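A.B. asks: As given, the protein sequences belong to chains A and B, one line each in that order.
Numbers 1 to 403, taken from full-length UniProt numbering, label the letters of the first sequence in order.
Numbers 1 to 137, taken from full-length UniProt numbering, label the letters of the second sequence in order.
Just so you know, the hints here were simulated from the structure itself, not pulled from any lab data.
These numbers come from a predicted model, not from an experiment.
For each residue, glycine too, the CB sits at the ideal point set by N, CA and C.
Please note that the accuracy of each hint is not assured.
Chain B regions said to be covered by chain A (calculated; three or more residues, Cβ under 8 Å) [as the list claims (entries may be wrong)]: (1) 47-55; (2) 64-71; (3) 124-132.
Across the chosen pairs, the derived CB separations fall in these ranges [as the list claims (entries may be wrong)]: (4) B:Arg122 - A:Val288: 40 to 48 Å; (5) A:Met1 - B:Thr81: 49 to 57 Å; (6) B:Ala2 - A:Asn191: 46 to 54 Å.
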Amino acid sequence: MNIPIYLDNNATTPMDPRVLEAMLPYFNEKFGNAASRNHPFGWVAEEGVDYAREQVAKLIGASEKEIIFTSGATESDNLAIKGVFEMYKEKGNHIITTVTEHKAVLDACKHVEKLGGKVTYLPVKVDGIVDLDVLEAAMTPETILVSIMYGNNEIGVIQPIKEIAAIAHKHGALFMTDATQAVGKIPVDVNTDGIDLLALSAHKIYGPKGVGALYVRRKGPRVKVTAQMDGGGHERGMRSGTLNVPGIVGLGKACEIAGQEMESEAKRLSTLRDKLEASLTQLDESYVNGNVEHRLPHVANISFKYVEGEGLMMAMKDLAVSSGSACTSASLEPSYVLKSLGLSDDLAHSSIRFGLGRFTTEEEVDYAIEVTKKAVTHLRELSPLWEMFKEGIDLDSIEWAEH
Amino acid sequence: MAYSDKVIDHYTNPRNVGTLDKSSHKVGTGLVGAPECGDVMRLQIQVDENNIITDAKFKTFGCGSAIASSSLATEWLKGKTVDDAMKIDNMDIVEELALPPVKIHCSVLAEDAIKAAINDFRVKNGMEPIALEKTHH
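Bound-form chain A, shown alone:
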């Protein structure tokens, strides 16, 4: 077992050696520009890209013509939201999303608002799931797009995508989903799910960083987005720029492997995750955040009350995890996702996200359990809040000095 142990697979994943192997020839011997149509160097590169396009399409039940390669999910989200807003402005100017989306979606929506668009940010229920009645009530004749993530990056909660898509379509809007965390982890099918646009990224599925894709539906309806970058008109005019051939080949291979191993991996990871969660919730005053039924197989987000997340992570120094605590960012605001679930600030500060992955072993999970338990116990001995709790003092009755 190698220390430190990587349990932050929602942030990024290590590359699968099989992906690296597939990519390597495209750095040197097959270095051509995929847009060079008049010589074998270009043809070879283009072949690699075409094959990757099929691999990506297959994983999400799409046709290869519907895949637009980008630099990652952030770009895909931006292209989808801003691109739809520009393309469909004659039809309407209203977009619906949720408060628990990734910043790439939220900030693209804010940009749209600056351009005169209207955006509704739907709340979520305490378990992190969108209330379909609230969504339905927010739909207007002006609504052109509903953008709701597939699986949440912090808590792993999976939204009722099919039902959401049906509501969007009933009211004549397109449905887009940021599926960065879900693709390759659980079955995603653009046709059964009713998805019109979908963002995905390679580095969350054991592929390279700096490459991703946007699925854009071609039939029923034929969806178009206005390009956000001007240039050579690559990717059916929707995304200019010389294709990142090695990256794209890597994304394709990562998708292929994910498709083959998804079923067994999901089972293995959810078993390990359940073990981790069951052991850690044996600690007093520890709570799992988010819906525990509808969620990704590899994520556990747990709040350990009366200890602060960053301090806790420091005691778990052999584990690479992340926290919803403010102290990890410059903003001093704890996780907006956890706060959207109605969690109090102190519980949000006390949260740790464990993200298991393809290379996580049971031995590592056992070790993580031991380290975490020790760390929580240690920090509670240091915590005045824990002492007060044990003495039966109601912490809400104290007038805390804000600072």
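Place chain B on chain A using the hints.
C.D. replies: Okay, now just chain B, sitting in the frame of chain A:
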């Protein structure tokens, strides 16, 4: 962001963790911060008849820098007179622990905790609390 060796040392081997009898008139208790801000410090001093701090204890809910700041503060307080303890400045803590700018608030909190403990002691013993100016850097 990497922590300095001194922060890691105080965090790993915190000095003077614990609780003094807060009902004793010799003990001053300062409780500062707020759970929703992610840090709460409780710092206690025990003062003898010569106005010397003979013991200091802390408990802190917070990040590594907050824990280290309060641990360091208790170390510095022991043996000092109450008057000298009032002179401890948050920037001394910043320097000693090499805290980065985003962690300066941890040192501010430690200074606040020292002053709150001293004032609690003063009030308990019939003295006026010292008016605190906001002199933080």
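A.B. asks: Mind listing which of the numbered hints don't hold for this structure, in increasing order?
C.D. replies: 1 and 3
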